[in-house]
Amino acid sequence: MDCLGCRIANGVEPGLNIVYENEYITCVLDIDPFNEGHTLILPKKHYWDVDEMDAKTAHTVMEASQKLSALLKYLYQPDGIRIIADGGKFNDLTHYHMHVLPRYEGDGLLWGEPLHPDGAGERLGETRRRMVEALVEREPMLKKAMDTLELLSQDAAARMAYDARMKALSDEQSRIEGAKSETSKEIAIKLLDRGIDLQTISEATSLPVEEIKGLRQ
1221 MDCLGCRIAN
1231 GVEPGLNIVY
1241 ENEYITCVLD
1251 IDPFNEGHTL
1261 ILPKKHYWDV
1271 DEMDAKTAHT
1281 VMEASQKLSA
1291 LLKYLYQPDG
1301 IRIIADGGKF
1311 NDLTHYHMHV
1321 LPRYEGDGLL
1331 WGEPLHPDGA
1341 GERLGETRRR
1351 MVEALVEREP
1361 MLKKAMDTLE
1371 LLSQDAAARM
1381 AYDARMKALS
1391 DEQSRIEGAK
1401 SETSKEIAIK
1411 LLDRGIDLQT
1421 ISEATSLPVE
1431 EIKGLRQ
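Residue 1229 in the numbering used here sits at position 9 of the sequence shown, and the numbers go up by one each step.
Note that these hints are calculated values from the structure, not bench results. Heads up, a few of these hints could be off.
Stated by the list, open to error - Straight line, CA to CA, 20 Å or less: simulated SDA-like cross-link-like pairs of lysine to any residue:
#1 Lys1265 / Ala1305
#2 Lys1410 / Met1380
#3 Lys1433 / Ser1394
#4 Lys1287 / Gln1297
#5 Lys1405 / Ala1388
#6 Lys1264 / Gln1297
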């Protein structure tokens, strides 16, 4: 493997301190940690930037960052956790990696100020408009949702009608789920009558074992 990140993620690089891994990602201690516990999350497949990752890998990376954050808080009682990943030219590993590290007051790790400020803070409204328009253009299904939100924010009657539709849908979903539950119970009773064990019935019907026990009464 020519990519150092791929070698690290797949356990080929020597001297690794792997904290956790699964079929999608590897979590390894940074060899030059800013603070103790500084960990990198790397996907096992080669990606350079976050927008290149498939949905499952991206979800797994974020899930791992949650687990690591909880672990670092438990072990080191930091004042905070920094989660950060640089892309493009700033990705020095040329393989996507997310940093998760404990932070402490006065540790010297700064966000920093731009060397060449361009007044972006004065154009937030225009920036939002451009980003929303581009997002809707790239994701056509979002347009209806955006239009609905815009309408609801301005029209109280439309908002009430929308809420009523949502409640009706929720009630219907509850009815359907209730019907499914009754069907599962009926199946469970029949299986009990045939002498099938509780665990097998639970797996077949998705009902908890304790609930199945109650059907015997």
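Now the hints, each set against the structure:
{"no.": "1", "hint": "Lys1265 / Ala1305", "verdict": "holds, 17 Å"}
{"no.": "2", "hint": "Lys1410 / Met1380", "verdict": "violated, 45 Å"}
{"no.": "3", "hint": "Lys1433 / Ser1394", "verdict": "violated, 24 Å"}
{"no.": "4", "hint": "Lys1287 / Gln1297", "verdict": "holds, 15 Å"}
{"no.": "5", "hint": "Lys1405 / Ala1388", "verdict": "violated, 26 Å"}
{"no.": "6", "hint": "Lys1264 / Gln1297", "verdict": "violated, 30 Å"}
Violated hints, listed in ascending order, are 2, 3, 5 and 6; each of the other numbered hints is respected by the structure.
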